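Asks: Got two chains here, separate frames each, mind docking them using the hints?
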Amino acid sequence: MFDPLFLSILSRMLQGLDRWFATEVLPHEGLLQRYLLHVWRNPSEVPDLIQEVYVRVYERARDQRPQQPKAFLFATARNLMTDYLRKSRVVSIDTVQEVDGMEALIDEMSPERHASAREDLGRLAQAFDSLSDKCRDVIWFRRVEGLSQRETADCMGLKEDAIESQLARGIRTLARAVFGAAHETGLPSSKAGIRYESER
Amino acid sequence: MKPVCLRPKQGFDMSPNGRAEDIEAAAAAWFERREWSNWDSAAEQALETWLSESTAHRIAFLRLEAAWERAERLKAIGAGVPPGRVPTRASFGFMRAQAAIPASEGPAMVSGVAHDKVGWPAGPKWAVGFFSVAAVLALVVWYHTEARWNAYGTPVGTIAPVVLADGSRITLDSNTRIEVALDTDRRLVRLDQGEALFDVAKDPMRPLIVEVADKRVTAVGTEFSVRRDSDEIRVLVQEGRIRIDGGRGPAGANTAEIDAGGEASTRGGQIAIERVGLTEVERDLSWREGYLEFHETPLPQVVAEFNRYRVQRIEIDDPRLNAIRIGGRFRCTDVNAFLALLEQGFPVAVTRNGTRVGLHRR
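Those protein sequences? They're chains A and B, same order as listed. Whatever position you read off the first sequence (first residue = 1), add 416 for the numbering used here. Whatever position you read off the second sequence (first residue = 1), add 29 for the numbering used here.
Check the hints yourself; a few may be wrong.
[Said to hold, decoys possible] Listed next, the in silico SDA-like pairs over lysine to any residue satisfying Cα-Cα at most 25 Å (straight line):
#1 A:K575 with B:E64
#2 A:K486 with B:E50
#3 A:K550 with B:E50
#4 A:K575 with B:W59
#5 A:K575 with B:A378
#6 A:K575 with B:A54
#7 A:K575 with B:T117
#8 A:K550 with B:W65
#9 A:K575 with B:A58
#10 B:K104 with A:L547
#11 A:K550 with B:A58
#12 B:K104 with A:K486
#13 B:K104 with A:E580
#14 A:K550 with B:A378
#15 A:K575 with B:E73
#16 A:K575 with B:Q373
#17 B:K104 with B:R381
#18 A:K486 with B:W97
#19 B:K231 with A:L547
#20 A:K550 with B:W97
#21 A:K575 with B:W68
#22 A:K575 with B:R114
#23 A:K575 with B:T384
[To be verified] One-sided excerpt, in silico: chain B residues whose CB lies under 8 Å from chain A:
#24 N46
#25 A85
#26 W97
[Unchecked claim] If we take Cβ atoms under 10 Å as the criterion, some of the chain A residues that face chain B in the derived model are:
#27 Q467
#28 T492
#29 L574
#30 E580
Derived by calculation from the structure, the hints in this document are not laboratory data. Treat the numbers as computed from the prediction; the structure is a model and nothing was measured. Even glycine gets a Cβ: it sits at the ideal position worked out from N, Cα and C.
Bound conformation, chain B alone (with noise of 0.2 Å):
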């Protein structure tokens, strides 16, 4: 092997975009201060300039909001940390010697980590033991002893995609819980709470039903969502074709077909069938994307699609801002953009004690 010295003369320019590192600061610097309360639509303009200047900037700001995306990890090794603390340091201690535990342990499983036999110990540091190991994911997945099912679910403001072996891709909203069971001949779902987007595998033999409240949504290879608010259940199809079937009445006395771009909702058992079209589906599951679009939407419920993300709710002191529409397109945990939205386009006063935010009258 010839020695040789890779070593550019000196003086020659190695980057001539600018320092890496002092772009890397710059970066760090708008990322930070986008959160600000007085970010407004002139520092928008401006940050817009500093990106569109040159690719670095570009990279290294994509980069660091990959980056953040990607530390949304954090906040499940923080499970059953109460609100408005920060764990001490050492309490990551029992996360390093999860990490020495062999990754085959446990049964496999496309998505999840599952501890097969252990069940659902009682003693809150195992059960924090777990919650690290299953914060891998952004999930808590745990497993039936006695039952084929496997439950999935998501914290309060994080938004999570489950893989199933079948391929099929199920992505779970905020404060969601579901069980699955894959069976030869059918694959179940129950949603328990919460929003999932489901985009089914196709496999005729083998349909995917969704249980939930007393209705049943079956699909073969499509993809829909399901809602549920209690026992009250919303249903948006997006591709493809779902049926739904009530519980209540002989079986087939109550069941609907329903195409892309239908929705189905029930109020008090029954089954309201809508035709709202592609482009209303598609916006109403923009959350999958992390964002919450609005077309004159009611500030109730506006405030509560936020309040979905949010541990410390947003609440109206005021019935007479009831009446405000809502229109645009949000990060679902950025509610800041939209509480100044508020202030500058409407008489609203925003008062913030603690961590509680009312909404007031101006």
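With the rest of the complex left out, here is chain A (with noise of 0.2 Å):
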């Protein structure tokens, strides 16, 4: 999915279950996003079904790793999702069958699959160009130039409290470029009959 080469760095900084997770699960954050926002009906409610899937992986890989991260991952969601359902009693059986079913489906459309490294930095570089102005040179001062928050402040002219949450804001927008992957492609949308939606 990801070039090994970004892989095997990311594996020298994180240690053990961290990177573990970092190299085997949170690649496939695109994939999980958009597969959620394909069956779960309130788009607003998948950043914390997302998460809550994370916890899960990560607490059961605590004690084992998965041998198959991205199936765990998704028999993960899957399974969470039934849960929440069944405790909401709204689905049947049936449904979530048809649930799995969408798992081979999205693969097989998955971008990135064939997402090269150049288009991963295209994204980077895309995100990082939405980023405001003080924010965006914020970003270039500290991980392009490795300055320190404060060397950063100096170069804009600015005290290091007037760059406050800069770097916060911009390491979100980037996070979610490099492993939310939130551009639309690849998936048939609800118009093509897929998404599970109606009244009940």
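Replies: Structure follows, in structure tokens:
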């Protein structure tokens, strides 16, 4: 999915379970997100769903690392949805099986399967360009030139507290570009009749 | 297909760990605060507490850390932009144009983007475009039109791995340049500058030879690093055994074999072998994980190590500070933690003038 170089750089920075999670689970975030957006009615709940899926995967992996992280991730997502839906008593078991079938479909259409490192970079650059001027400058000096927060402020002719929260804002945007891949490609829209949606 | 609504009833708790949005915001705030100059051990403790409060916190934080590492690629997009300047937004336009080029262009290489028959044309525009493509791998790779050598390099502040076609992995430290030629009977690497760690794929029929200055380091299947400072070299062996031979005198006259845990270094062309032990070798190779580790290391040497990762150098302005010895483990790129420790633990004042960092005696 991501190029091996990126993964190996990552693997040197984080340790143990965190490293495993960053290299084996996080790269599927874009796919997971699109999958959930597809089968889950309320898109605004998807970030929370993803968080819960992550927590379950991470805590399970603490005892034993799944052999197939991606399959485990999606199985966890399905189980989570099933749990929620069972508690809310809205869904039938048939639907869950339909949800199962979605995975293969989504996998086939997954843009990541063909995404090159170059496209990853394009997405990153696009996200970088989408930042405000100040935020973009801070990210540049900190990340590219390796300056400290204080040196960055100096470089911009500002006090350190004048650039407060810029880095925080920037990293969230970049993280979405790196893992979230929120751009619209590859999946059929709800018009294709795959989205489960009706009164009941 | 039976239409069903996949929607929990209202009021159902979707996020028992707290809202993802809020947790991400908190993680980002921690992530930033950690880089402030007033970051101290109390703040570190508070962060640890926050991280241990819930798995969701930990994941949100590690996700941002991983993204930050990933964002290092921006560095290579900026190749050609002078320090202290941020490229304009429009300057990435060329990159999107590049993205339209089919990925199959150029010869197949396991790692790196190669431009065959293109050479190294003059003209900043082309060069910038090329850097942007190479940037994808945080590596600069170019192709010699006349030879079978491939060159790989890292800019200052970047550590990057190279995977060769034979499966060997080479990790390049900051500001390093190597050239590689894989022949049928041997694998040749020239270390032009910097330091590289070799994890050599076993192939008894095809030894891997590192040429550095006038020395050769030969391995069959092992893990070792070679560092070059001008014409002096230093070899550390972590696993297996290597042979080093020098260029002076008849062949074999100046040859030594080094086992795991051994170090060979040269001074004035003479090779000195020392058994330093695996612990020290591990410590000296911690840069590959993005760390610098010291143990009673003299300050000038510590500063020199950090400077390998910085364009703007730290300078010791008072020679009396040279006697200070440092122990500890630091992130290569996080010079702040180191400077903070210096100021706390030693009679040292750090002055920043623009981007220059000077060390004085207090």
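Asks: Against the 25 Å threshold, does the CA-CA distance of K575 (chain A) and A54 (chain B) hold or violate the hint?
Replies: 23 Å, holds
Asks: Is the interface hint for Q467 (chain A) satisfied, with its Cβ closer than 10 Å to some Cβ of chain B?
Replies: 4 Å, holds
Asks: Does W97 (chain B) sit within 25 Å of K550 (chain A), going by the straight-line distance between their CA atoms?
Replies: 18 Å, holds
Asks: Are the Cα positions of K550 (chain A) and A58 (chain B) separated by 25 Å at most?
Replies: Holds, at roughly 17 Å.
Asks: Quick check on T492 (chain A) please, does its C-beta sit within 10 Å of some C-beta on chain B?
Replies: Hint on T492 (chain A): violated, closest Cβ of chain B at ~13 Å, above 10 Å.
Asks: Can you verify the interface hint for A85 (chain B): is its Cβ closer than 8 Å to any Cβ in chain A?
Replies: 5 Å, holds
Asks: Does the structure keep K575 (chain A) and W68 (chain B) at a Cα separation of 25 Å or less?
Replies: 16 Å, holds
Asks: Check whether the Cα positions of K575 (chain A) and E73 (chain B) lie no farther apart than 25 Å.
Replies: 23 Å, holds
Asks: Quick one, are K104 (chain B) and R381 (chain B) close enough, alpha carbons at most 25 Å?
Replies: Distance ~24 Å between K104 (chain B) and R381 (chain B) Cα, so the pair holds.
Asks: With a cut-off of 25 Å on the C-alpha distance, tell me whether K575 (chain A) and A58 (chain B) pass.
Replies: It holds: about 18 Å lies between the C-alpha atoms, which stays within 25 Å.
Asks: Decide if the proposed pair is consistent with the structure: K575 (chain A) and W59 (chain B), CA atoms, cutoff 25 Å inclusive.
Replies: Distance of about 19 Å is within 25 Å: holds.
Asks: Does R114 (chain B) lie within 25 Å of K575 (chain A) when you go C-alpha to C-alpha?
Replies: 18 Å, holds
Hint check: violations occur at hints 12, 14, 19, 28 and 29; the rest are consistent with the structure.
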